[in-house]
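Please take these sequences and the hints and turn them into a complete structure.
2 protein chains.
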Amino acid sequence: MELATRELEAKGRAAKAASKKLTFLSTEIKNKALLSIAEALITQKDEILAANRIDYTQAKSSGMNEAMLDRLLLSAARLEDMSQDVRMVAALPDPVGEVFEMRALPNGLQIGKKRIPLGVIGAIYESRPNVTIDISSLCLKSGNAVILRGGKESVNSNSALAKVAQQACLDAGVPQGAIEFIQSTERGLVNHMLGMKGVIDLIIPRGGSGLVQLVSENAAMPVLTGGIGVCHTYVDKSADLGKAVAIAYNAKVQRPTVCNALDCLLVHSQVAQTYLPAIAKEWAEAGVEIHCDKRAMAILKPVPSLKLAPAAEDDWGKEFLSLKAAIKVVDSLDEALEHIEKHGSGHSEAILTEDYSAVMRFLNEVDAACVYANASTRFTDGAQFGLGAEIGISTQKFHARGPMALKELTSYKWIIFGSGQVRP
Amino acid sequence: MELATRELEAKGRAAKAASKKLTFLSTEIKNKALLSIAEALITQKDEILAANRIDYTQAKSSGMNEAMLDRLLLSAARLEDMSQDVRMVAALPDPVGEVFEMRALPNGLQIGKKRIPLGVIGAIYESRPNVTIDISSLCLKSGNAVILRGGKESVNSNSALAKVAQQACLDAGVPQGAIEFIQSTERGLVNHMLGMKGVIDLIIPRGGSGLVQLVSENAAMPVLTGGIGVCHTYVDKSADLGKAVAIAYNAKVQRPTVCNALDCLLVHSQVAQTYLPAIAKEWAEAGVEIHCDKRAMAILKPVPSLKLAPAAEDDWGKEFLSLKAAIKVVDSLDEALEHIEKHGSGHSEAILTEDYSAVMRFLNEVDAACVYANASTRFTDGAQFGLGAEIGISTQKFHARGPMALKELTSYKWIIFGSGQVRP
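The listed protein sequences correspond, in order, to chains B and U.
According to the numbering used here, the stretch in the first sequence is residues 1 to 424, in order.
According to the numbering used here, the stretch in the second sequence is residues 1 to 424, in order.
It should be emphasised that the hints constitute simulated quantities derived from the structure, not laboratory data.
Computed from a prediction, not measured in an experiment: that's the story for all the values here.
Hints may contain errors.
[Stated by the list, open to error] Among the chain B residues that face chain U by a calculated CB cut under 7 angstroms, a handful are:
| hint | residue |
| --- | --- |
| 1 | LEU118 |
| 2 | LYS237 |
| 3 | LYS243 |
| 4 | ILE247 |
| 5 | ASN250 |
| 6 | GLN254 |
| 7 | ASN374 |
| 8 | HIS399 |
| 9 | GLY402 |
| 10 | TYR412 |
| 11 | TRP414 |
| 12 | ILE416 |
| 13 | GLY420 |
No residue lacks a Cβ here, since even glycine has one placed at the ideal position from N, Cα and C.
Below is the structure:
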C-alpha cells in the first residue's frame, strides 16, 4: 500500500476511535473548542493568509477563472466572517443526548429515543477553503469525527485552517482524531476513501455535479447528495407582477453563483407580454444574459439594451451558476409543472401567484426539497430557515431533505427502561 | 436484454408511474384496498393454500430443514393472522400529507415540512410468504409503490398472494403498478434490480445475513439494512436474580428463530455461582444447548441434565436463531461493554441490574438500535413498540434505526408560504 493510503487508513482509525469518545464529550468542552477556533481564525490570520496566498498565486498563474479565484481567496474580512459563523455554531443547542418521544407502554416499559452522533463523517470538497472550518465546526458540535479531503487548488489554505482547528480542539480537551485532514491530493485517495465502509459512516461531497456524481456512484457507505440546484420560478397568470419582478430579480441576481439561484423563469402566456419586458429590463441592468424560447424571444426582441440569445435545448435543466437565465412561455400551470418535473433537480422551485388553488397545487405536486409560494428561492439555506447553520442542502429523500444542520448529522437509539418485563 | 430483465424494467416503469399518483391517493381509497386485501386472504384461501402446497411439497422433497419448512408453510390460521395484520395497518393513521414543524420566520415566511412517500420500494426477501402481504400493505398505506422479489422456494405462494393484493387494489381504485411482483426467480435479476437507481428509491432486503450483505454491497440506491441480531443480555452483580432468570428465559426461549432473541448471556462473576445453575436448569427444560466459556463450564458441569458444549471462538458474535446460547462470565460492567462492542451487531442489548449507575452507563454507552434495562430483548418489534406494524428493524444509523413502520417509509419536503419576500 502506498504511503498516502496508509496515512489515510491510519487517520480513519484515529477518527473512528475519537468518534466513540465524542459521543460523550460535554457541551462545555465542545463549545470551548469552537470559541477557541473562532479566536484562532483572527489571531492566526497572518499564517492562514500566507498559506492562502500560495494557493491563490498558483491558481492564478495556472489560469483559474475569476469566479473560482474569488471563491478561493481569503481575506481578513472573510476570516472575520468565518469566525463569526463558528461562534454561531457554539451558540446553537447541542443536539446530542436529547431524549424524545419518551412514553410508557401499557406493560409498563418506558420507551423513547436518544439522539446520538452518526460517527465519522467524510467530507470531500472543492476550492472554497471556508468549508474546512464550516464542516469541522458542525461535526464537532454534533459529536461526529470528520475526515476532510479538500481540493488540490486550496490545499495550503485548507491545511492551515485544519491545523488551527485541530490545535484549538486539543487545547480545549477534545480527543485527538476528532478532525483529521488529508494532506495528499493524489486522486486515487478519493476512491480509497469511498471504500472505507465501517470507518466512515457518511460521505458528504461539496462541489460541482461531477464530484457529487463520482461520490454517489462509488461510495460504499451512505452519501448525502445535494447542492445541485436547477431552480425554476413560475410566474402564473394571476401573479402580482410587481412582486414577481422583485422576486425573480432577487432569485437571479442577489448571488448568482449559488445552487438556490434562479435558472429558469416560466411565464404564463397571458402575462408574458407585460411581465417579460419588465423583468428583462431589471435583469439587463444587472448584466443578466437571457436565453429565450421562441415566444419569449418574440416579445423581448423589440426591447432595447437586452442581452438575448435563443435558448438551446440543453438550457432547459441547466444550472447556470452565473448571470444567465432561461425563459420559457407556458400556457398553463400544468405545462409549468410538467417542465419542472422534467428539468428540475429537486432543489428549490417557486410559484408566484395570487391564485390560492394554484399555490396549493404547486406546493402539493412539485417534488422538490423546497417548494415556495411568492418568495425567492434564495431562501433555501440553513441559516435563513432558522437552523442556525448548514452543512449542505440534500436533494435526496432518504434521511434528510433540504438544508441540513446539526440535527441532520445525528441518529438515535431506542432506550427502554423496564422492571422485569418479558414478552408474552 | 433477456425477457425477464425487460419485464423487470417494465414493472419498474409502471411502479414509478404509479408512485407519482400514490402520493395523492386518498386515505379512504388506501384503506378500502387494505380491507379488501384482508378480506380476500380469507375468501381466496383455497387458491392461496393450493399454491403454498406446491412450494411446500417441492421444498420438502428437496430436503429443506424443519425450521425453514415451518416458515414456508401457510394455513387457514396463518392467513387469518395475516388478514388481521392488514386490518391493523388500515386502522393506523395515514402518515402522508402531515405538515409538521410549521412556523413563522421573522421576515413573515411561513415554513414547515410536509410528509411525502419515498417513492418506489424494492423488497428482496426469502422464504416467508407473509412478507409479500406485510410489505405490500405497509407500502400502500405509506403511499409507496413496491416491487416484490421473493425467494424461489416460495414463488407460488408469493405469486398467489401478490395477485390477491393486486386485484384488491385495482378494485378499490388504486393505480395499476402500485404492487409489482417479479415472477422469475432467475438469480441475475436481483443484480439488475440493485442497479435500477432512479427507478427504485430504497431497497429493503429481508432475510439472512448473506442476502443482506449481497444487497448492501451491490445496490446503487439506498438500502435499509438490518434484521441481523446478535443480542447480549448482561446479568450484573446487582441484578435481581429472580427477574434475571425470567428475562433471560424469555429472551432465549419465547421465539428462538428471530433476530431479537438472546444469543449470548454475559454474567458477572460475583453472581455466576448462584445465577448460572438457575437459568441453565430452566433453559434445559426448554431444550436449550449452552455453549460455555471455561468459567461457566466449571460452574455448570456438575449440574445434571444440561446440554453443554465448550464455546468455540466463533460462538461470540454468532446469531444462533435456534435453541442455542453462549454464556461468558465477566468480572465487570466494563468487560461486558467491551464484549458487546466487539461482538454485538447493533441490534438489541440488555442489562439486568438494580444498580442505577450501571443502568445509565449501559444505556449511554452501548451503541445499538435498542438498549434495554431489565427487560427482554424480544420486545424489539414495531407492534410491541407501539408503531402498529413493522417493515423491518434497521441496524444502521442513517434515516431510521430500530423498528421501522409507516413514518420510516416517508420523507418530507419543505413548504414555504411567502408574500413577496426576497433575500436581503
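Practice task
Tell me, in ascending order, the numbers of any earlier hints that this structure violates.
Solution key: Those not satisfied come down to hint 2.
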